[in-house]
Amino acid sequence: MEQLFIIFFSVVVINNFILAKFLGLCPFFGVSRELKSATSMGLAVIFVMTIASIVTWFINRYVLIAYQVEFLQTIVFILVIAALVQLVELFIAKTSPMLQRVLGIYLPLITTNCAVLGVCLLNIKDDYNLIETIIHGLGAGLGFTLAICIMAGIRERLSVCRVPPSMQGFPLSFVIGCLMALSFFGFQGFFTH
Amino acid sequence: MRELCRLAIVLTIICCGAALSLAYVYNLTKGPIAYQQRLKKIRAVNAVFPQHEGTQGVQMVDSLYCDDESGTASCRQFYFIKQDREVLGTAFEVATSGYGGTIEIMVGVSGEAAISGIKIINHSETPGLGANITKEQFYQQFTVKNLTDTKWDLRKDGGDIDQVSGATISSIAVMQAVHEGLVFFSDHEDGIMEKAVRVEQPVES
Amino acid sequence: MGFGAEFYKGIFKENPSFRLVLGICPTLAVTTSVENAIGMGLAATFVLLGSNIFIALLRNFIPDKVRIPSFIVIISTFVTITDLVMAAYAPDLHNALGIFIPLIVVNCIIMGRAEAFASKSSTGASIADAFGMGTGFTLALILIGSSRELIGNGTLLGFPILFSSFKPAVIMILPPGAFLTMGLLLGLFNYISRKRSS
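Residue numbers (this note's numbering), protein chains in the order written: chain W, 1 to 193; chain P, 1 to 205; chain Z, 1 to 198.
Simulated from the structure, these hints should not be mistaken for lab results. Be aware that one or more of the hints could be misleading.
Claimed, not checked - Partner residues aside, some chain Z positions facing chain P, computed with beta carbon under 10 angstroms:
#1 S33
#2 L58
#3 V66
#4 N95
#5 L150
#6 N153
#7 L156
For glycine and all other residues, C-beta sits at the position ideal for the given N, C-alpha and C.
If we strip away everything but chain W, and leave its shape as in the complex, we get (with noise of 0.2 angstroms):
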């Protein structure tokens, strides 16, 4: 319970995937103009990661290493990936009209998106059981999904500022960045053995 608990605390906010690991950049930059589409975008990307870390775990035992197939790791998962994302936008399709118009136009970026096929390689790299995987997952999302939101609500409130023009955009989102890594940073060192 404990290590299970280190684990999803970790992957939140100390090992965040953003501000620590660099996984998942271009959605934190592309789609966090403001706070509601932010918001669409984290919750797609908690599902999407929790989905596809038990389905690769569950390949990469039963598949990849029970037919020792190992080195087609990342070939299978970015392809396991891409059609977990269409069946998921395809499901919520017919079932959930409200969900679709809230993940709709988000789920299809998912694909490309680094921190899920990420999520899915330290899975495995990390010698995760099947619960430790969902938590890891599930932690994973969430941390996405908190830092994409505080990214948003800060540029919302930003877009009424005067910034210098070679600083618009871009180049200000990644010294926000910069400042939230840094508060982040404070975490370290949350738990000693």
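Put chains P and Z on the given structure of chain W with help from the hints.
Okay, now just chains P and Z, sitting in the frame of chain W:
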């Protein structure tokens, strides 16, 4: 329908091509990758016995030691430095979880169960902070430490180990892993030494 | 456009990192030292070259509908080849770059070039484009890597450069430093191109 078949066939051809070429490259690189991993271990063993480097007649042998008595059958790889039939030193690997992931450490022990050196083989600690465990001023201090005379705690907790500044967790992780390895070695020293005398086949390097 | 023009556009005008702001994850993650930056740049260039060539060659063979999955398969094949070859012949670099080697698969630069350029252009132009983009990416990584290594560690390629009384600002090789360096360099690039166009 014909269109659908065409799509399926094209995609299948591409996937087969990819799988075949990957299988080919995998077979080509399998040997070199295994060799590199072994070389890394051997280099680490050499690094923890600086005093024996290049000495005539010294050879390295390795063997698995399995702790069958406890019933769990946990096996560990041991590397021995031998001259003629005499065992000069024993090296073994310990692993622990540090701040960013697993840390793997090679520990060398020579006579009187004192450490002759340690070497960090793998780690994924934060660059600039925890990664400083690979700096000489940190790992050098473990040389000549042993179980009886050393207090295995950080200096600030009244022990004998200096930590890397700004990286308490990484320092403690290394310290505890080395200590745990040393305890295992001294608990099973007789069995391990018995193995050491028996193995003859030198490690290729 | 000629070979030269296709090549040069990737270096400044359409520099993938600073002008198009693509593939930021590896750009920030592996630039703690110049050595890692060069390794990552070369690995990405190789994948880009391989996938661009194959996609340009197969562009009339691949039906439009299965375009994206085919590209993904071709790109990840080259990524896995790079991964295996690096593990076999450059194990230290392979270790330092870690999961960012398999993650080249989802690097937007490579998918972006496949979709926007190689699937519509001749093989020759695609090769020039891959070289240009790869070089632009590598140069960008080297620029970020050298700023961070110099200020954060006082060295370049591992050699001490700054005078000995210089106390390195470790924050630069920590995650916040990556964001800061990238933000300031992007601002600088914007400033230069604004000056040029006015």
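Hints and how they fare:
1. S33: Holds, about 8 angstroms.
2. L58: Check passed: Cβ of L58(Z) comes within 8 angstroms of chain P, closer than 10 angstroms.
3. V66: Cβ of V66(Z) sits 5 angstroms from chain P, so the hint holds.
4. N95: 7 angstroms, holds
5. L150: This hint is violated: L150(Z) lies away from chain P, its Cβ roughly 13 angstroms from the closest one there, beyond 10 angstroms.
6. N153: 7 angstroms, holds
7. L156: Violated - the Cβ of L156(Z) stays beyond 10 angstroms from chain P, reaching only about 16 angstroms at its closest.
Hint violations for this structure: numbers 5, 7, all remaining hints satisfied.
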